[in-house]
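So the protein lines, in turn, are chains A and B.
Under the working numbering, the first residue of the first sequence carries the number 1486, and numbering increases by one thereafter.
Under the working numbering, the first residue of the second sequence carries the number 387, and numbering increases by one thereafter.
Bear in mind the hints are in silico, worked out from the structure with no lab data behind them.
These numbers come from a predicted model, not from an experiment.
Treat each hint with caution, since some may be false.
[To be verified] According to the in silico footprint, chain B covers these stretches of chain A (three or more CB under 8 angstroms from chain B): (1) 1535 to 1542; (2) 1595 to 1601; (3) 1657 to 1671; (4) 1706 to 1714.
[Said to hold, decoys possible] Interface residues of chain B toward chain A, partial, derived using beta-carbon atoms under 7 angstroms: (5) Ala-424; (6) Thr-616; (7) Met-686; (8) Ala-688; (9) Met-690.
[Unchecked claim] Computed list of chain A residues with no C-beta within reach of chain B, every gap over 10 angstroms: (10) Met-1486; (11) Lys-1499; (12) Glu-1502; (13) His-1505; (14) Asp-1507; (15) Thr-1510; (16) Ala-1528; (17) Ile-1529; (18) Cys-1560; (19) Trp-1568; (20) Asp-1684; (21) Glu-1685; (22) Met-1723; (23) Phe-1734; (24) Arg-1736.
The beta-carbon is built from N, C-alpha and C at its ideal position, and this holds for glycine as well.
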Amino acid sequence: MRMLEVPLQIFRYKAGEQPHYDMFTVQVEETAHVIDAIDKAWAIHDHSLTFRRACHHSSCGSCALRINGVEKLPCITLITNVWDGHSPLRLDPLRNFPIVSDLVVDVSGFFQRLLAANMTITRDAESTLPLTVDELADVVPSEAVELPDNLSRFNRFENCIECGICMSACPTMATDDKFLGPAGLAAIYRACQKTDDPDEKAHLLALAGGEHGAWRCHSAFECMEACPQAVDAAGKIMALRREITANRFKRIRRR
Amino acid sequence: MSRPHVIVIGAGSTGAATAHDLALRGLRVTVIERGEVASGTTGRNHCLLHSGGRYCITDQESAIECIDENMILRHIMPDLLELNDGLFVAITEADLAFKERFLEGCAACHIPARDIPVKHAFDMEPFLNPHALAAVQVPDGVFEPFRFCLAFLATARMNGAVVRRYNEVSDVICSGKSVTGVKVNNYLTGKTETLGADLVVNASGPWAGDIAEMAGVKVPVQPTAGVMVTLDCRLCNMVLNRLNKPSDGDIVVPQRATSTIGTTSWKVEDPDLITIPPEHVEKMIIQGEQLLPVVRKIPMRARMAVARPLIVKSDADARTVSRTFECFDHASSGVDGFVTISGGKTTTARVMAERVVDMVCNKLGIAAECRTRDVPLASYRLFFQGGE
């Protein structure tokens, strides 16, 4: 197996110290993901390098960071897909979160936003296959995987792994730190869809229609672009706006 | 006397469940974890909530632990589980010949198992190998290991436990024949600190031997690595297992929009330096194709490897390894105030914690009943409230 010598330029910060970058060169297999390179830098060079990781297969969402400035999950990002073969691979923590240490950010704000809708991310015990056998035969062998239209029904909040990438990529977050954020609003939208209780729905729509809710979004669609899980938060924010408006009309007509 | 202070080393499933149990029994608890929660063995897990079917012939003690804990976890962490059941599928005549023994094994371990018409299995699982000969349905499920640990730790925190992430134990401190604390490198501050304790629980999984060595004792834990491959498509509704004795690559676990095939098994010296052998990845694909022939056509999303802590039992001539767990009171080796809990599986973390905390309470002279069977866990999302 061919080995790669990968130079890593990693953001370092400890409380009370000046932030800076450290360089580490690590040897990894050609098939390695970025998380494997960070893991090696930590294991061989420096145990004081702090980073988040748990599952190594994009289910926990903990390892999210920026690779050459772009939000990614290093556990599913192949080095060969992001490295040009010679320049250092730059690793930075997520934006729009307080930095705790090195690549570790404080994600409490993200989870706080998800508590509002209290949506679970596990799937119901229903049929959950995304494709039928025939659909799969159509889709898989092609180079560009173009998903059938009816698949969009699966682009929903339950896909979310709570990685925080959408909040990091969102330009609105940078202008309003109380913005409910893409995942938070996608969760509210899904909770609205699932509830049968009109009071609960009114409460959720009021939250989404509030000062830091759906109207704050600049429609930059960065969250949709960056999301590793196809949650389509931007689409959900647009749908929420329609719901909020429709609900207002309903109330006016009732007067 | 003020409440005793117990340090738990490791925030994987065992350490997290142990911290929760200790806090619930009124002890003061500090968890020390060198990385993120579940950043070791637990995180890189197959995510299988075992029904016990996998072990019902080869390791019935484990199988019974699994089904009992499976039922308890459904009650204490309902929001964290995907309960779609599992199928044990016979592909070959040899598998089919195994079916009666399997059903007997399930019955012996009180695992509810249903021999379903294979046509019914094809209806439920359209990608299943069309040559399948038989299928048995069992209450397997799926969990997300990171959140599994967070839920235990969030609850422990509410009951007063302190969780120190990014703190690595550099030494175990002894006074005479007794452990009195640990020395840690706090990587958040760059400082070295000494933490005192009335007792230290070593819940560091495959690293248990390294920690035990700091206290001058040995534990029979063999780090044993395994490879798993995650595909970028959910291919089954239920967990699919090969109806036979456990072997490499005989299980596909669907989790949300992915499918994970596992696993292999080889002994490693250093759990921090595991290289994924490419032939193991290929083996997962070949074996996975037996259950789901479409496997090779699906893009790979991730590959991972991690060491599990297997307990080596030296009571037989041949060294046999069980998937059950064991608590070690190192007082028997002349070091008091120090216990190790290792082996087991994430599915059985709660009962592992119950046993080790029984041992801890007994050593500290505390009479407190375990309540973790009945107390529902707090939302994992609450773990992050309140900072480091």
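Cross-check of the supplied hints:
no. : hint         : result
1   : 1535 to 1542 : holds (count 8)
2   : 1595 to 1601 : holds (count 5)
3   : 1657 to 1671 : violated (count 0)
4   : 1706 to 1714 : violated (count 1)
5   : Ala-424      : holds (4 angstroms)
6   : Thr-616      : holds (4 angstroms)
7   : Met-686      : violated (9 angstroms)
8   : Ala-688      : holds (4 angstroms)
9   : Met-690      : holds (4 angstroms)
10  : Met-1486     : violated (6 angstroms)
11  : Lys-1499     : violated (5 angstroms)
12  : Glu-1502     : violated (8 angstroms)
13  : His-1505     : holds (14 angstroms)
14  : Asp-1507     : holds (13 angstroms)
15  : Thr-1510     : holds (16 angstroms)
16  : Ala-1528     : violated (4 angstroms)
17  : Ile-1529     : violated (8 angstroms)
18  : Cys-1560     : violated (6 angstroms)
19  : Trp-1568     : holds (18 angstroms)
20  : Asp-1684     : holds (22 angstroms)
21  : Glu-1685     : holds (17 angstroms)
22  : Met-1723     : holds (23 angstroms)
23  : Phe-1734     : holds (34 angstroms)
24  : Arg-1736     : holds (32 angstroms)
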